[in-house]
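Colleague: Whenever a hint applies, use it, and build me the whole structure from the sequences.
Residue numbers (full-length UniProt numbering), protein chains in the order written: chain A, 1 to 249; chain B, 1 to 313.
These are computed hints drawn from the structure, not numbers from a lab.
Mixed in with the good hints, there may be bad ones.
Claimed, not checked - Part of the chain A face toward chain B, derived, beta carbon under 7 Å:
| id | residue |
| --- | --- |
| 1 | 99 |
| 2 | 155 |
| 3 | 166 |
Cβ atoms here follow ideal geometry from the backbone N, Cα and C, with glycine treated the same way.
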Amino acid sequence: MLAIFMFAPVAMAAALPADPLGSPMWADHARVLFADAPVEFDRRVVVDMPMLAENQRVFPVAIDASALPDVKRIVLLADLNPIPVAIDYAPTGAAPVVSVRIKLDQRTPVRAAVLTGDGRWHINGAWIDAAGGGCSAPPVSRVKGDWAEHLGEVRARAVLVGAEARLRVAIRHPMDTGLVGNTPLYHVEELSVWRGETRLGSMKLWASVAEDPAIGLILPAAAGDTLTIRGRDTNGREIEGRVAVQAAP
Amino acid sequence: MRLTRRTLLGGMAALPVAVRAQSLDYRIEPVEVGDGLWIVRGADAPIERGNGGAIANLAILAGDEAAILIDCGPSLRYGRVLDAVARKLTGKPVGHVFLTHLHPDHGFAAGAFANAEVAGTAEVRRELQATAAGYADGMYRLLGDWMRGTEPVVPAATVTAGERLVAGRRLVFAPMAGHSPADLVVTDVATGTMIAGDLVFHDRAPSTPDADLATWRKTLGTLAAMSHKGLLPGHGPFDPGGQAAIAQTLDWIDWLESSLRGSVAAGLDMVAAGEVAIPARFDGLKAARYELQRSVSHFYPRLEAELFPRADQ
Ligand SMILES: [Zn+2]
Numbered sequence: 001m002l003a004i005f006m007f008a009p010v011a012m013a014a015a016l017p018a019d020p021l022g023s024p025m026w027a028d029h030a031r032v033l034f035a036d037a038p039v040e041f042d043r044r045v046v047v048d049m050p051m052l053a054e055n056q057r058v059f060p061v062a063i064d065a066s067a068l069p070d071v072k073r074i075v076l077l078a079d080l081n082p083i084p085v086a087i088d089y090a091p092t093g094a095a096p097v098v099s100v101r102i103k104l105d106q107r108t109p110v111r112a113a114v115l116t117g118d119g120r121w122h123i124n125g126a127w128i129d130a131a132g133g134g135c136s137a138p139p140v141s142r143v144k145g146d147w148a149e150h151l152g153e154v155r156a157r158a159v160l161v162g163a164e165a166r167l168r169v170a171i172r173h174p175m176d177t178g179l180v181g182n183t184p185l186y187h188v189e190e191l192s193v194w195r196g197e198t199r200l201g202s203m204k205l206w207a208s209v210a211e212d213p214a215i216g217l218i219l220p221a222a223a224g225d226t227l228t229i230r231g232r233d234t235n236g237r238e239i240e241g242r243v244a245v246q247a248a249p
Numbered sequence: 001m002r003l004t005r006r007t008l009l010g011g012m013a014a015l016p017v018a019v020r021a022q023s024l025d026y027r028i029e030p031v032e033v034g035d036g037l038w039i040v041r042g043a044d045a046p047i048e049r050g051n052g053g054a055i056a057n058l059a060i061l062a063g064d065e066a067a068i069l070i071d072c073g074p075s076l077r078y079g080r081v082l083d084a085v086a087r088k089l090t091g092k093p094v095g096h097v098f099l100t101h102l103h104p105d106h107g108f109a110a111g112a113f114a115n116a117e118v119a120g121t122a123e124v125r126r127e128l129q130a131t132a133a134g135y136a137d138g139m140y141r142l143l144g145d146w147m148r149g150t151e152p153v154v155p156a157a158t159v160t161a162g163e164r165l166v167a168g169r170r171l172v173f174a175p176m177a178g179h180s181p182a183d184l185v186v187t188d189v190a191t192g193t194m195i196a197g198d199l200v201f202h203d204r205a206p207s208t209p210d211a212d213l214a215t216w217r218k219t220l221g222t223l224a225a226m227s228h229k230g231l232l233p234g235h236g237p238f239d240p241g242g243q244a245a246i247a248q249t250l251d252w253i254d255w256l257e258s259s260l261r262g263s264v265a266a267g268l269d270m271v272a273a274g275e276v277a278i279p280a281r282f283d284g285l286k287a288a289r290y291e292l293q294r295s296v297s298h299f300y301p302r303l304e305a306e307l308f309p310r311a312d313q
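Modeller: Structure below.
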């Protein structure tokens, strides 16, 4: 037995460590997301968020994995949401940092899973108290009925801090979960950020991202650079925006 | 339907042993601040199990044949204790309850005063009709057994602007807005005391879930100019001079708005915007960090939409 373990390749079926949050869904999600890759709970993944969801339709999460080397992917998930994964971000030239707002359907663990180049997943997170109804409540724009007028509008700001730009992008989109009435699933599913011909990061999104997705990224840039945001929603509608990097105010 | 959900939430919330063991007794200790006018102070804290949601201030006034309440607390259980306290204090039954605004910490005890006239402005009645069920779910989830039996009451009587004799006591009613879409200010003429509801906070950070900051700012200017002596804020200690608490509330709102706009301009996300330094002059304000983070949640998405330039044109 011992010999087999010693000679096993690193990426082979490591036993899943016990979940420090004791989530009832941990084993199921881990099997789907990480398959046989090694997984560890790791405080170097910083998941910054309020402890209480003031508004469970718009719950902010900021993830900083810059203490880890060679980050390939950052996955944000809320275990007990009907749509558990919110984003899957690949920072190809950008810093391994992302902020986003998500919906919370009930009290749930919210966590970041970070894949490093050696094939290991690093996980951290916390339980968040939520009133419930974030995924099963209709988007405000659906209730107001004005969503179509603004669909796909992109607003953005990029502020230079040192040699990096803090980019914030906000896209008008209902991010329908398919769980409310007869409204089918409809959401932004892909975004990428470019400086010139260089892709700095790309992201997959699911409908558990809050209505009107607002994403924060940190990218290498200089004043006067133009950053391009490209994306697509599940109906194939193209999203595109451009923003010039400005000096800090 | 709602009741079933709340009963379920309340039952679930009551499960942890430590919480069950805690006694659910409200201690109500009125302080007389003028002739026939007592204040009851809430805990200067967020709504939580430890305080049973009794965080808002309220006023008890002695009338000729009845006692008058301005706001009445968060739950049926609280209202029952308050009813007995007011009766003992004034020697009269509670005959009138005026609600300053829609928030549950101020008015959800109204169901305990079935024999009194519960009154609010037409706007407050509309606001309560629209929001009470949602707020009730939140209160049951936060407070569990403290809320048992509590059903929000939409006031049956309508208050309009002006001076009026209530149980022989002369009161001036001034409907305003800012902290919420409909805030009622009541001034007791005999003592000159202004009961400002949540339009004024004192040594406790203002909360903003339904606020319009520009309107609130204007209203605070109006309040400062209105004739009054002492002032009872919605949260925090009584202000005997009547101006300091107004000025402090205005100062916080001004800072809050410029802080939020500054955070958007600097490209901060919502989490970081809730973690900015709070100026030292607000060191004496309780719940300041908590309310800043809540305010970020209330205003940030709208502010970003307003301040970010379009990138797709
Ligand atoms: Zn209030």
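Colleague: Would you mind marking each hint as holding or not holding in the structure?
Modeller: These are the hints, each one checked on the structure:
no., hint, in the structure
1, 99, "4 Å, holds"
2, 155, "4 Å, holds"
3, 166, "4 Å, holds"
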